[in-house]
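Participant: Please take these sequences and the hints and turn them into a complete structure.
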Amino acid sequence: MVKVDARGVSCPQPVLLTKNAAKNNPSEIQVVVDNNTAKGNVERFLKNSGYANISFSSDGDDYVVIAKK
Amino acid sequence: MSNKKGIILSGAIVGLISVLLVKLGNPMNMGMCIACFIRDIAGGLGLHRAEVVQYIRPEVIGLVIGAFGMAISSKEFEAKGGSSPFTRFILGIAVMVGALVFLGCPLRMVLRLAGGDLNAIFGIAGFAAGILLGIVFLNKGFSLKRSYKLPKAEGFMLPAVFAGLFALLMAAPAFIFFSKEGPGSMAAPVFIALAAGLIVGALAQKTRLCMVGGIRDLVMFKDTYLISGFVAILVFAMIGNMAFGFFKLGFAEQPVAHTDALWNFLGMALAGWGSVLLGGCPLRQLILAGEGNTDSAVAIMGMLVGAALSHNFGLASSPKGVTPAGQIAVIILFAVVLVIASLNVEKSSKVELKGDVKIG
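Going down the list, the sequences are from chains F and Y. Mapping the first sequence onto our numbering, position 20 (from 1) lands on 20, and the numbers just tick up by one. Mapping the second sequence onto our numbering, position 286 (from 1) lands on 286, and the numbers just tick up by one.
Every beta carbon over 10 Å from chain Y, so not counted as near; a handful from chain F, in silico:
(1) K3
(2) P26
(3) S27
(4) E28
(5) Q30
(6) G50
(7) N53
(8) F56
(9) S57
(10) D59
(11) Y63
(12) V64
(13) I66
(14) K68
(15) K69
In silico DSBU-like pairs for lysine-lysine, Cα to Cα no more than 35 Å straight-line:
(16) Y:K222 to Y:K347
(17) F:K19 to Y:K4
(18) Y:K149 to F:K47
Hints in this document: simulated from the structure, not taken from any laboratory. Note that this is a predicted model, so its numbers are computed, not measured. Here a beta-carbon is modelled for each residue, glycine too, at the ideal position from N, C-alpha and C.
Facilitator: What follows is the structure in structure tokens.
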């Protein structure tokens, strides 16, 4: 599983960091973001990249996007 | 927000509202123009003395307050900042100077094309080129570093300032300037303009509408979400312009525009590049500032100062054409943005990306 911390960075860096993490096609990716915009963008990118199973959990004020193949 | 219907509908509404504002008094192809309107506000406050472009534009006030209201109601309001604020201030200046050499922000660039102004094609080409330059640096690891949560009051400051501007507009004390002729004197009624801003601000907050993001995400991630809004604005503003008889195809004699293709290209290239590094177009900066992002608030203040400098130093173009000082300023600011872009490439992410970077 690959973990990405994309808290605080502005667009499009959360998606860019996720893209880099997805490069080796891991079966599971976890991305921590701190706003809804980044959450939506990362979710959309992962869906388009073939991660069919996407779930969310919250960690304090942050969101964790969990994507599985 | 994976559904594109919302952003296409919003784009359509933005396009139609922009045409309606022209019908109700705004300058042609300038129903909404963030660069022009911030420039007019700078003039209204007397920060520059170009008498034809002085007016506290209620649309901009509405955009900020509309985004603020929508963010509060959807619990997305969050005060944050600290991501290289002064660098963002400088980028704000660069974006504004580039936009005023072209004569319009990215939104007006689309509205100009929708009105048949073919000069905008060179602007769009330059805009895309500037975005591609920005993407090169993003892929190298460009980052203005992360922002941090700040006390809520900090996030209220910029919306409060714009509410204060509205009070100044209403009270119209002697020290506030109102153009008596020229584009600054052409305006839709205050409350209609404010309402238009509120609607567009709320929609743009909800959908994340962004002109820079449209091309950027398409190129970087093959993501067509934001570009759908961009295209919807173009199509619906064009339909509206045709319906009202505003559509006039050609290069010459276009309203508040000049025909210098090279500087239309370079002006928007500078605006596009600066905007990518800021993370969004001028419209998006207003919306983010309404959501409590004070880095964007600082970028907007940079744009305000950039607008004042543009007119005080004679950098801004006019329908007569581009000025020599404007050309020099664009070249200098290209160098400034290049330095900013280069200095903020993170070494660690460069290594991480090594396999991806083509050498030579």
